[in-house]
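Going down the list, the sequences are from chains X and C. Taking this note's numbering, the leading residue of the first sequence gets -12, the next gets one more, and so forth. Taking this note's numbering, the leading residue of the second sequence gets -12, the next gets one more, and so forth.
No lab work stands behind these hints, which were simulated from the structure alone. Worth double-checking, as some hints may not be accurate.
All copies of an identical chain are treated as equivalent in the list; a pair is satisfied when it fits inside any one copy or across any two copies.
[Said to hold, decoys possible] Cut-off 20 Å, straight-line C-alpha distance, at most; resulting in silico cross-link-like pairs (DMTMM-like, lysine to aspartate or glutamate):
1) Lys196 with Glu(-2)
2) Lys576 with Glu223
3) Lys262 with Glu32
4) Lys538 with Glu407
There are 2 protein chains.
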Amino acid sequence: MANSRRFKLTEVARQLANVAMGQAHADLVIKNGTLVNVLSGELIEQVDVAVAAGRIAFVGNADHTIGEQTQVIDAAGRFISPGLLDGHMHVESTMLSVTEFARAALSTGTTGIFMDPHEIANVFGSEGVRLMHEEGQQLPLKVYTTFPSCVPATMDLEDAGASLSVEDIRAGMQWNNVVGLGEVMNFPGVVFGDPQMCGEIEATIAAGKAVTGHFPSDDNRMLQAYLNAGVTSDHETVTREQGLEKVRLGMHLMIREGSAWHDVKEVIKIVTEDKVNTSNISLVTDDVNPQTLVELGHLNHVIRRAIEEGVDPVTAIQMATINVARYYRMDEDLGSIAPGKCADILLIDDLRRVVPSTVITDGEVIYDQGQYTVEFPKFTYPERILNSMNVHRTLTADDFKLASRGTAAKTEVNVIGAIENSARTEKRKAVLPVVDGIIQPDLAQDVIRLACIERHHATGQISNAFTHGFQIQSGAVASTVAHDSHNLIVMGVSEEDMAFAANELVRIGGGTIVVRDGKVLASVLAIAGLMSEKSLQEVVEEVAQLDEAWKTIGCPLNAPFMTFSLIALPVIPEIRITNRGLADVMEFKLIDVEIG
Amino acid sequence: MANSRRFKLTEVARQLANVAMGQAHADLVIKNGTLVNVLSGELIEQVDVAVAAGRIAFVGNADHTIGEQTQVIDAAGRFISPGLLDGHMHVESTMLSVTEFARAALSTGTTGIFMDPHEIANVFGSEGVRLMHEEGQQLPLKVYTTFPSCVPATMDLEDAGASLSVEDIRAGMQWNNVVGLGEVMNFPGVVFGDPQMCGEIEATIAAGKAVTGHFPSDDNRMLQAYLNAGVTSDHETVTREQGLEKVRLGMHLMIREGSAWHDVKEVIKIVTEDKVNTSNISLVTDDVNPQTLVELGHLNHVIRRAIEEGVDPVTAIQMATINVARYYRMDEDLGSIAPGKCADILLIDDLRRVVPSTVITDGEVIYDQGQYTVEFPKFTYPERILNSMNVHRTLTADDFKLASRGTAAKTEVNVIGAIENSARTEKRKAVLPVVDGIIQPDLAQDVIRLACIERHHATGQISNAFTHGFQIQSGAVASTVAHDSHNLIVMGVSEEDMAFAANELVRIGGGTIVVRDGKVLASVLAIAGLMSEKSLQEVVEEVAQLDEAWKTIGCPLNAPFMTFSLIALPVIPEIRITNRGLADVMEFKLIDVEIG
Chain X
-12 MANSRRFKLT
-2 EVARQLANVA
8 MGQAHADLVI
18 KNGTLVNVLS
28 GELIEQVDVA
38 VAAGRIAFVG
48 NADHTIGEQT
58 QVIDAAGRFI
68 SPGLLDGHMH
78 VESTMLSVTE
88 FARAALSTGT
98 TGIFMDPHEI
108 ANVFGSEGVR
118 LMHEEGQQLP
128 LKVYTTFPSC
138 VPATMDLEDA
148 GASLSVEDIR
158 AGMQWNNVVG
168 LGEVMNFPGV
178 VFGDPQMCGE
188 IEATIAAGKA
198 VTGHFPSDDN
208 RMLQAYLNAG
218 VTSDHETVTR
228 EQGLEKVRLG
238 MHLMIREGSA
248 WHDVKEVIKI
258 VTEDKVNTSN
268 ISLVTDDVNP
278 QTLVELGHLN
288 HVIRRAIEEG
298 VDPVTAIQMA
308 TINVARYYRM
318 DEDLGSIAPG
328 KCADILLIDD
338 LRRVVPSTVI
348 TDGEVIYDQG
358 QYTVEFPKFT
368 YPERILNSMN
378 VHRTLTADDF
388 KLASRGTAAK
398 TEVNVIGAIE
408 NSARTEKRKA
418 VLPVVDGIIQ
428 PDLAQDVIRL
438 ACIERHHATG
448 QISNAFTHGF
458 QIQSGAVAST
468 VAHDSHNLIV
478 MGVSEEDMAF
488 AANELVRIGG
498 GTIVVRDGKV
508 LASVLAIAGL
518 MSEKSLQEVV
528 EEVAQLDEAW
538 KTIGCPLNAP
548 FMTFSLIALP
558 VIPEIRITNR
568 GLADVMEFKL
578 IDVEIG
Chain C
-12 MANSRRFKLT
-2 EVARQLANVA
8 MGQAHADLVI
18 KNGTLVNVLS
28 GELIEQVDVA
38 VAAGRIAFVG
48 NADHTIGEQT
58 QVIDAAGRFI
68 SPGLLDGHMH
78 VESTMLSVTE
88 FARAALSTGT
98 TGIFMDPHEI
108 ANVFGSEGVR
118 LMHEEGQQLP
128 LKVYTTFPSC
138 VPATMDLEDA
148 GASLSVEDIR
158 AGMQWNNVVG
168 LGEVMNFPGV
178 VFGDPQMCGE
188 IEATIAAGKA
198 VTGHFPSDDN
208 RMLQAYLNAG
218 VTSDHETVTR
228 EQGLEKVRLG
238 MHLMIREGSA
248 WHDVKEVIKI
258 VTEDKVNTSN
268 ISLVTDDVNP
278 QTLVELGHLN
288 HVIRRAIEEG
298 VDPVTAIQMA
308 TINVARYYRM
318 DEDLGSIAPG
328 KCADILLIDD
338 LRRVVPSTVI
348 TDGEVIYDQG
358 QYTVEFPKFT
368 YPERILNSMN
378 VHRTLTADDF
388 KLASRGTAAK
398 TEVNVIGAIE
408 NSARTEKRKA
418 VLPVVDGIIQ
428 PDLAQDVIRL
438 ACIERHHATG
448 QISNAFTHGF
458 QIQSGAVAST
468 VAHDSHNLIV
478 MGVSEEDMAF
488 AANELVRIGG
498 GTIVVRDGKV
508 LASVLAIAGL
518 MSEKSLQEVV
528 EEVAQLDEAW
538 KTIGCPLNAP
548 FMTFSLIALP
558 VIPEIRITNR
568 GLADVMEFKL
578 IDVEIG
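Please model the complete structure; the sequences and the hints are all you need to start from.
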């Protein structure tokens, strides 16, 4: 297992010193590469790197460290780069387990991540966080956790599977390799002194760890109040002006390029045009879906994007290595190629493409010429985590019928308007027919049924409403990937198919499913109803089938799964469904479906 | 007292947030200055800075934070800079108490120091360190301590007043505001695994604090072994090549400009010519004498020197502010002007001269237009620290007479050759007359008597030798400023004057004295025999009188006090005197004065 090679510096300092002095041999020497020196900001030719006990022992001409047992890699014509560090990401967005994510990401050069397991926290609380964190600890990928800060996302509008208290945060800060507090999304709470938010931040600072932020607003005074509270980073910046402001105010700026969020093009102008000091800026992915991982890569794609926008390659790599390590105060171990640091090293042919031909972690070659050379350990989640559905009743078509309060043949209702390629929804109205006292969907208006079933505590609670914009003509969709509470959301034309989809998803343990006429068209996922245990390739194929199934039932949208997965998130405007009912986000209250 | 305004961020976060939001008023607002933004690396015009509870609450247009009670300072035409941080220095070198040093340094813009109280540690061990550290805690200057690592400097050649064990280091790391281990001078010990050095480093790293270094060698393999041991900085770099190597290897490079060490001119070329990334480089003073403080300033002089050599002023100020704070992982409190940081602020008229017209610490104007506006608290050292002499006998002329082993009228002796403006000495030989069995000095050869008396433990131990180079014609000099053990060193032509000088210095409690014909020409100092309790101006006058007295007895050297104070330091080549005898530094052993 890779981690048998992971030692604290003080445990192996004598051995490293002896190798440097030529009194002991290196385990591995990389010869004659061009060093990407992120410390001095230079490319330095004809450099050797000697490695022992999983750490770098010597950089320079390392012939004196080579013995008979030393593995020697010829790096002539290649660049020697530190492994890439993703300073903020959610593994759940990849739909992969941490293990399968690691297998996908390491080959792209990502050797360390700072993950915020916010989604599983909403399902299983601290236990879910602990399981994903533990899964990460045995991998060749270095997995650090920022403890989720806002679970549930709202207190009054919905019921999540779990909640995290200040005491949970305080306890989590003591876990090995928990390095901070996850993105503090409730920024108004921070600014106006919400006791839970303040308590979480104080507990984190008391533990000497980083309070990572999430500040999507343009309000400069709120931003400064947020900084005054002790938050030190942000990854929600979408404009050059916001970026400039944050760097000037000392916030660690994480410029994001995820599958849905493409912020590099605009925000990187603070580097290419405003020429600000880059030492407190990093590149992150935040949310990457499986297709992006296969098609574009991971953090190396973000670096490539920065280079395409005109950033010098060494500067771009600094923003995904040493700058991240310094932000988390781990630069004595991570983020550069220098004596004493962990030997997480990439050999790269083309510095502008940033695709490693060889990946070394903890001094061991784990990936070479397109093949892994190590086994990944198997992590087994408990059965109740794998099958996280807690509904305990069979849903019927009647569950999805919403009765009209009146007796008229038509009634006006509030409708959740979905918007393609946007996280926002639109608050719409529609007049719908009433048949036998039941409000009916209307395909002509593209208004179909939508429901949210509490699925964590077997309360049997269900709320019904209507949505516009998905253009579904038949069948139904159900999903437990439903940010942030991850209840069971169901949408469809036929209430029979909605019941079938919901029941089938409960049966398979959660995930996402598309059905029509009582038949499953496609489905994915299992762990906590959020992530698959399967490999990246399998998940990508399943997701492709799912995309195809969405089309089959009539939905022409780009990435409808993404739009649908946010339809129950009552912290983004304008209107959402939760297990408690229809939520008007602007008014921050539950409202009736029927108007008047 | 200034420190009543010093709070942790979490203690005042709510108040700061309220000020930022315009819901509470600032204590102080600086209006319309040009901000030296060390975070973005820019000069930004027309900036206000609002301060509350000793910290910065808002940066930008701060009109909304001004109330009736708010003090407003017009900074039009002035630069607003973070206070300067000296990352490595010895207060003892200034011959001032920490309080009087603070009074001298704050007016030059130094608002924080990282001191290594190495000299007092050699006299009084942990207790001495604790006293100087405590003296620092009540001042408007922020005083952080790196705990001395090499006390005594050598184990076999001399006796210091105290020694520090690994357990002392471990205990010291728990003191509030002890932030690291002081310069680890015994670099061969580190490289070759000396248990005490390794133990000290492990204890420091275990406490999460910085292991500061001292690496004056050109040996690249030893340097890398030293880094592998966990040392992370250096301030002994004198060449561009050494500097480049250290930055490339990830060592925090402290470029030094002290009274005697002028390293900026050469080493700064890595910035001005090699254009390396400067984020891990800082400027430090190390050793500054009182005259330099008066004539040139303190850290602001080092910044000025860097600017004179071609460094951009903002970059130079970064190297004395944010870079230092980041190295010590204190940038969330120190080193920049941004929301939440300590309000340690300078207003500067001319950015290339770096002389503040107003100094603010912890949000309070403490110095304005040449005047302090606060009282400095009085710190009282215990009597036994003030009078640290522990000799307990009256010395006589006979104590300074060295008998010849033979009966000849002449004998050949080893002589310590002093070299003007150098820390090195030269191993010389001389043939001296013997009268009544006593080896005589010989003014014609410029060879005079030199003695070292153990002064910490009242052992009565005295060693005698000869020195060349000072050109003294009459009288004697005695001093307890005698690095690093700070025993009592005495030099002179007349053995009667040597006894008088030594006895007189014991009587006044240590320091430095020049006498002739039984009369005191000049003297200084008291605390631990190292520092004065007097003000900078008084000490400068006393030192000027002392310099004059050196001239009166015939010494024409530049700064003979400095040369003399190193004559007992057995870790710098080639030959030294200690209380145990004549030390051949090259052979690392004691040798006889008489040859053959």
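Consistency of the hints with the structure:
1. Lys196 with Glu(-2): between (23 Å within a copy, 17 Å between copies)
2. Lys576 with Glu223: For lysine 576 and glutamate 223, the Cα distance exceeds 20 Å both inside one copy (25 Å) and across copies (65 Å).
3. Lys262 with Glu32: between (27 Å within a copy, 17 Å between copies)
4. Lys538 with Glu407: Result: close within a single copy only, 14 Å intra versus 88 Å inter.
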